[in-house]
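Chemist: First to last, the sequence lines map onto chains X and L. Under our numbering, think of the first position of the first sequence as 22, with each following residue one higher. Under our numbering, think of the first position of the second sequence as 7, with each following residue one higher.
Treat the hints loosely; a few may be bogus.
Stated by the list, open to error - Quick look at which bits of chain L chain X covers, simulated, 3 or more residues with Cβ under 8 Å: (1) 152 to 162; (2) 165 to 177; (3) 352 to 360; (4) 388 to 400.
If you are wondering where the hints come from, they were derived from the structure by calculation, not from laboratory data. Quick reminder that beta carbons are idealized off the backbone N, C-alpha and C, glycines included.
For reference, the chains in residue letters:
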Amino acid sequence: MTRAAPPAELTTACPEVRPATPADAVAGVEPRYVAAPATEEQASALLTAAAGLGLAVLPRGGGTRLAWGAAPARCDLVVDTWQLNAVLEHSAGDQVVRAQAGVPLAALARVLAEAGQRLAVDPADEGGGTVGGLLATGVAGPLRLRYGTPRDLLIGVTMIRADGAVARAGGKVVKNVAGYDTGKLLAGSYGTLGLITDATFRVHPAPAAASYVSADYASPAAAAAALLGAARSTLVPSAAELDWPGRGAPVSVAVLFEGDPEGVAQRAARLRDLLAETAGAQARATGTSPGADERPRTADAPPPWWGRGAAAAPDGTVLRIAFWAGRLADVLGAIRDAAVPAGLDPAVSGSGAAGVLHAALPPDAPPDAVARFVVGLRAALPAGRSSAVVLHAPARVAAVVDLWGPVPSAGLMQSVKDQFDPEHRMAPGRFAGGI
Amino acid sequence: MNRIATELGPALARICGPAHVISDPMELATYECDGLTAHRCRPALAVLPAAAQEVAQVVAACAAAGVPFVARGSGTGLSGGALPHADGVLIVMSRMRAVLEIDPVSRRAVVEPGVTNLAVSKAAEPYGLFYAPDPSSQQVCSVGGNVAENSGGAHCLKNGFTVHHVTGLEIVTPQGELTWLGDGTGAAPGYDLLGAFIGSEGTLGIATKVVVRLTPIPEAVTTLLAAFTTMGAGGTAVSDIIGAGILPAAIEMMDALAIEAAEAAVACRYPEGAAAVLIVELDGPAGEVELETAAVRAICERAGAYEIRAAQDAAERAAIWTGRKSAFAAVGRISPAYIVQDGVVPRTALGDVLSAIADLSARSGIRVANVFHAGDGNLHPLVLFDDADPAAGPAAEKVSGAILDLCIEHGGSITGEHGVGVDKARYLPRMFSPDDLDTMQLVRCAFDPAGLCNPGKIFPTPRLCGEVPGVRRAPHPLVASGQLEQF
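One chain only, chain L, in its complex shape:
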């Protein structure tokens, strides 16, 4: 057994019960990565608490021992945010999955963090309500993970992100204390610590209860699929829909390579010969959805759509979405390995950026399949490579990085919804100045001065807390002299 397991194992077993503390290396292997499998690290210990109080005691024990800890929900994250620390404790939240309360008149639910995203909507459904953020992994991803990543989903164009739908959090601070951020009203006095915590990728503490806003289920939904012979024509349709003042629930686009992959994987039977397909979903009051559907159809036709399908029922809607939702996994059918990117560009720059990506691909000989949330300019380029070729991975990584540079050049972001995690920490300084990053880390220092809570994520250069604000230009003297270790 490792040192951490020897030192902390018995204490954690007293808190959570011996059955819920894992120190066996084989069992720990289950937890060595999240959805970003390129990064793997076995934790010293994993612990599965069953209640907020247990989480608090586990964190307090870690804090007292100076041992780093990482929280993990369902492990579906795509940026390595839940990558364990080799000398730390992994706190797995999957036993805390109760829907504690539904208040349909207030349109609120109180849930535990391990509950799946979809389970919240299912629990709210009898009241005619649902939980709006719907990441593609909603059947398995946890609400706690959504909070950590500020998850969006295909429908966030209209409905917003997790931060718009969570109005209160009970958290365990990195010192092991239980406290509330926000009070569920969405208008709590004082600093918006809740808003700062959501999307902090598990670095400011661990959520143990989540108050979510519930939304009335839309009366009507229509889903259109339009096929185009060029990407440019699809892009024109997107601009014109937005320009007409229509706010669809979702606008998704796939290019020929992504369509080819989806066909190979799930036989989604998208129109033949399409260089681009657009999926437009409209929801809301029946009368307006009908009007908007007709308008979107006309816009797509004007932009040159050669085939438009409209889903008449839930089954047909699911059929249209199948190709889109399977796209990531589907590229596995046409390439041994791939990198998923998550860059964002202003919608009006989509055309320019897509042709630049095509140039990049042509010049490097590396294929890039494009699947993206066109409505909000969130690209998911899939950079394809053969991992059997040792040179291919780094070459793909180079293209991938160049795509992020394109996004930044066009005033966008390196990540729209997957988070920075370990994966994109090195790209963050391309978007933000040292002062910007230093200021963000003031928040980190306020919550976690010891730097034990999910260390090594987001920020390429951690800030030592307790310094006078100001950019650090040399290693901290205590670090340089070896008296202090920086996680």
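Isolated chain X (complex conformation):
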């Protein structure tokens, strides 16, 4: 590919434009130019110019999850948000923060921590993630049980449309039902509807204390019962996670309590009793005796596997499996049943009590075996009430697997895309349903 100098239309709109290099490739597709607007005005002018030139545009934040999703069908211009890196407003008294898309999550966390606050979303730290990337991929970690995903904390957003128009939705107050909440559509949209330039989030007080109650179980069913018991209790856990490194390995669970130190200690103690009771009941029901390692223990720090999620196999294949939490034991069984005939042994971990698990396969897993596993798993999961999405996979796996799988209301999603981006120039082909 020739490294053509960016056209004058782009350099006029945005001073920071350069020819792309192979390092800028997105899932193997090399763009022509990379631009880094420094202001909202520049971003708008840039997308207006790109529209005039008919360029396919792909937004980029920290690049940590750029390999997620399908390879773009076209990619001419990467818009890097690194210069949009200001925390625009942090009103501690209102528990609200507005930050530009390129603000690194770590930098945002530092600003909030100074006021004793946090953004209560904790995806696996893959290094250098940004506010815009968080929103565009919609990722969440263990705290999703109590606080949901980025869309649940988002209260306002500014986007640049494919035609360059600047559009805001929501605002900076938590309670607000004025107009359509288009921020919800942008959350998890993989850059296919527009460029996010800033986002406003509700933030929460950072807890004074944290306590993790852990136990290991010989059977997935016993682990599921423990986890779901914790979630249904009145103990208000912030997270309830599971880790199953492979068939034959015990299933570990860990439950997080946060808040006042004294209260947290009380709740942790009460959960230990509850888990012991649940294990006893399970043992009686199955006629087995609980193993010694089922004795629940408490720690101030998370177990090493905590919140690994999508980062469990950075260069391998990772699926996100969502389901109604009550089916946790069935879903663990379905994963095993789909993996055995494919000759695979995925590492499973995630927010079992919130109905979200990750299944990770190593980079050298044969592509056809992964494909068999994914197809088998989707067929075995509860119909209409579950999904299995391949978040990322090596190129040769992605080539033979339907990454997104079936999507409810795909027709309506296509209509939304057609309205926002009629020429299909925003990250085309990356998203669910071929969008």
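Here the structure of chain X is known, so what remains is to put chain L in place on it, guided by the hints.
Modeler: Okay, now just chain L, sitting in the frame of chain X:
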């Protein structure tokens, strides 16, 4: 009979049964308004379907005939969102009120849209669970209406809104097709159409099944009532509670005029001489609630509370809430008519905005009673006037609009939970630019290109679909030439 009734009546009667199609003008009068009675409009026809399939067929019939339609739940909305269309069909969802499924282990329920909000919690109670969003009208308001309005309630400060508690919807699209948005998991792949649909005020389709998240009933609840001699002192207490990192289930505040009205209406016996009362509810694990209750008490005392009451049981809790929950209706005792506003301001601006409202009231001579969700800055100023005086209504409307301007100036919103509806459509451009509103309507065009689904709500200037994105600066040529009508 009107033209619509003649044309569509027989088809709708075949779908829902003749007994469930209403064309008699007297009977239709029942449906001419929702909770915002200032706006009234009799629909051409009303129809009461009993199943999702019937709703789909009714909508398909409307779509084929190019007739607008409006869905109505219990009709408790406060922004005219369920105001019928004079030349359209009103689809009343009240016959679809079954709780279809409760899955206590998944903490989910599947319900029909006409079921009341409170009925969902009652059905979940035997499992130790409840449905968290609790608008004041929860005894009568429908879950479908809650979905349309993204309803909150006094406890949304801690628990969030409808959008945080609905994980799946079966809807009838404006073309009359049944489809699902979300799959109940809260993590369905693709665009979050579910999140966009919730709070779209009935303009994107009609929900026919709702999957809701259920929450464990808190182990302990305490309710405190604190009385202050100034609004400022009450406001200080609110800031200090939040500043201490405490997240109460609810923090409500009433001013002297609102208290006076509540006393007149329900004799709630709030402490005498209070210029402000604060209601703080804390819930959660027993140990922590106890600690937090002590902390909130101390904060209120430091802020100058001269009396603090704590409810010891459900009856005492109900007594404390009676005054607050009756406040809207109660102002009827001290004023012949009133306008309820729903503006929101950042919590830290509450003090400034309340004194500005007081100035506004003093300057205009129009009384304003303040009842509000202090924890999230959601004001409900009640602008009082005498509707017998023809000049009073417009004057009150002016004050009301000025209050919304105050909210916007302070970085807030014109509506926190009541919705835009027909009532506040004209104020929406004060909050959003033409491009903002145009972009929102792209969603409308994706769902309802014909513009038949609850037309005339939210957006002051409807967008014609099929245009290239870009702000419309003149009437559409087809509209200008009279070839096309815009609902």
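Chemist: Please go over all the hints and tell whether each is borne out by the structure.
Modeler: Each hint, compared with the structure:
no.	hint	verdict
1	152 to 162	holds (count 4)
2	165 to 177	holds (count 4)
3	352 to 360	holds (count 3)
4	388 to 400	violated (count 0)
Violated hints amount to a single one, hint 4; each of the other numbered hints is respected by the structure.
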